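Use these hints to put chain R onto chain X, whose structure you have.
Next come the chains, spelled out residue by residue.
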Amino acid sequence: MSEKSISRRAVAIGGGVAVALGLGAIGITVPYLLPHKYRSSPYDDLFAQLIDRDAAVKVGNAAMDNGTARPAIADLGRELRQRFERRTLAEVINSDLAQGKLSEVKGWVLPETLTLLCVLAAEES
Amino acid sequence: MNAFIDARSVPAGTILEPDLAIVGGGPAGITLALALAHSPIRIALFESGGLDFDQATQALYSGSTTGVRYLPLDASRMRYLGGSTNHWGGWCRPLDSIDFEKRDWVRHSGWPFGIEELKPHFKRAQTLVEGGPWIYDDATPEMAALAPLLKLGDGGVYTSWFQFSKTRDGVLPTHFGQRYADDLKRIPNLKTYLHANVVGINASSNATSVETLDVATLSGRRFAVRPRLTVLALGAVENARLLLASNRVASAGLGNENDLVGRFFADHPIPRDTATLVCFAGEMAGYYFNAAQVGGALIRATFAPTEDFKRSNKVLGSLTTVENAVEMSELDKAAVVTAALAVGADASNAKAYSVGCGLELEPDPERRLMLTGERDALGMQRLRLINRVSDSDFQRYRDTMKELGRQLLAAGSGMIRLNYKTRAEWEGALDWGDHHLGTTRMHDDPRQGVVDADLRVHGMSNLFVAGSGTFPTYSASNPTMNLIALTLRLAQHLKGMMR
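Top to bottom, those sequences are chains X and R. If you read the first sequence in our numbering, its first letter stands for residue 1, the second for the next number, and so on. If you read the second sequence in our numbering, its first letter stands for residue 1, the second for the next number, and so on.
Here chain X stands alone, though its shape is the one from the complex (with noise of 0.2 Å):
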């Protein structure tokens, strides 16, 4: 190999390291390019909408601190998947800014089932 040459894996590594570079500048992402591994849950197909989990799952232990009670995980998940019903996460967003079924969370204004996909996430992570 010549030393000018740079193997794909070489390349793969410092792409990757560019970016976190990048992305860490702005103090955000860094944590998120590496996500934990969670344990399978009969509720994947809803988390599968969250693109950055881990930060959902942040939010959604955020959500449970601020001292409201937590609903079962059976009705929370049969709750969001009545409102995820053949729609899309953008979808159901949407609707709730429509109808400004908003909540809070540590202050942070957020559409309503986003937060409780969060609040599920975070109770099955």
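Everything labelled a hint here was simulated from the structure, so no lab data went into it. In this text the structure is predicted, and so the values were computed from the model without any measurement. Watch out, some of these pointers could steer you wrong.
Claimed, not checked - To spell it out: a stretch of chain X is covered by chain R in this simulated footprint if at least three of its residues, at any positions, have a beta carbon under 8 Å from a beta carbon of chain R; those stretches are:
| # | stretch |
| --- | --- |
| 1 | 53-64 |
| 2 | 86-93 |
| 3 | 96-104 |
Even glycine gets a Cβ: it sits at the ideal position worked out from N, Cα and C.
Only chain R this time, still in chain X's reference frame:
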């Protein structure tokens, strides 16, 4: 030119007999004098201070406060020519038409006239504050061309615009004393007395008219004024004080048969860091943080509730400004990532900003000024302010900010964190605008207001009050330019009366 007269040199026992006495040389008093220039009305203007700050004069403002933390009464206003424009920030925005309406969700609301009564006077008021061309909410296209607006989804909050009084040397807005001193001297029908404190109004025996005013100086000189008409233009706090203290004939004070003078005091609470606004795109246009020069005006963005939202959600006015960038915690970043991804936005450059605001309070008769037994150096009773803010005042603003958060997410442009929930949190962040309002409120019914629609004190034939103390509701807009417009309307009325 008529040189200003130092009241300390007026012979004791003198009785001046102008047609009109203007008591107070702040923005309202100076505006009134300028508006009546070159009329046949012989005017005398009495200003407590001189041309500069003087501690002994300022101390005449001292009083006490109880209740919700408030600034000392001698720190929230200025007592020399130009009045409180001497520490003015220069923020201008006209009242909204809904501010004049009687609203069933706002107790004691309703002006005796609509915004149409002030509109003819806005442009002159804008000229006097040197605010540049009248642009305000027509600024949106020009500002958007300058740099992108933060997109808001359809809803109850919109991007509105402040304008600013002209800055001098990049810092100071129009200080009416400095700016208009020479203009006042050029008015042939005006005599301006400095260091002249009006300490009492002597009414006729049936308290239906002003007969004389007592003037005192800190040097001990005393003389009197016998005007045909008197306009109090001392600011909302001091107007109430003088009316209450003028109690030789009417024991409760003048204009106070219905125990309204001094009640309904208001200011604009300015809680700091009320929310964190995240802009998914990162940088926001500079006009959100500082005034930008556009078309000869200085303009800055603010978020305001629409009239429809005020009606449907029963909220009051508020003006929210973006202040400075802030750091985000790990939870903040998680919330931003989660929300941005959910609405299909790219938050990889997201930045967070602290926002502040000015709030409109609901009129409250128990938020009030009262005389105390203490007296100042001139023998006038000092004031005590009982200050209150209701939980609903905070909650209404919170509802507005929540709506802004909803609109940001709907537009995929950003999101909001509400920083305060409890009363203690709100009060801990509370600052005030030094916008004294409401103590001599305007209403057609003497049982509900101190002055009528012409700003004449109910029951008194020749006593008027100028300034924002006459506002029955307060808006969230800064009062100076608006009180000047109202004073110009008063000038028109007085001209008609004295023709």
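Hint check:
no., hint, result
1, 53-64, "holds (count 6)"
2, 86-93, "holds (count 3)"
3, 96-104, "holds (count 5)"
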